[in-house]
Amino acid sequence: MDRTKGEKGFCRTGRYAVVSSYNPHFGEESPLVGTGGSGTIFFTHCNLLCVFCQNYEISHQGMGDEVGPKSWEG
17 MDRTKGEKGF
27 CRTGRYAVVS
37 SYNPHFGEES
47 PLVGTGGSGT
57 IFFTHCNLLC
67 VFCQNYEISH
77 QGMGDEVGPK
87 SWEG
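Counting along the sequence shown from 1, when you hit position 39 you're at 55 in our numbering, and nothing is skipped either side.
Treat the hints with care, as some may be off.
What the hints assert, rightly or not - Derived CB-CB ranges, DEER-like:
no., residue 1, residue 2, range
1, 20, 51, 36 to 46 Å
2, 25, 67, 20 to 30 Å
3, 77, 39, 13 to 23 Å
Calculated from the structure, these hints are not laboratory results. Computed from a prediction, not measured in an experiment: that's the story for all the values here. Glycine included, each C-beta is placed from N, C-alpha and C at the ideal position.
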């Protein structure tokens, strides 16, 4: 499979990842989060397809925005 040619694999992800959300995360031990939080990024299209998935809309339905390399530049 060649994602650069628009082909998609079992997980249904194309050339670029699809991100549902991203935020600072403060729910870990203080050495990990510091004062600004650790980052959390929810990517879509998990290939596990668990029956009792807690993030079904994200993992199975692919809700989010396609994110290419330029999107991460600060």
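Status of each hint after checking the structure:
1. Hint check: residue 20 to residue 51, Cβ distance near 40 Å, so the stated range 36 to 46 Å holds.
2. Look at residue 25 against residue 67: about 21 Å separates their beta carbons, and that is inside 20 to 30 Å.
3. For the pair residue 77 and residue 39, the supplied restraint of 13 to 23 Å holds, since their beta-carbon distance comes to about 20 Å.
In this structure, none of the earlier numbered hints is contradicted; all agree with it.
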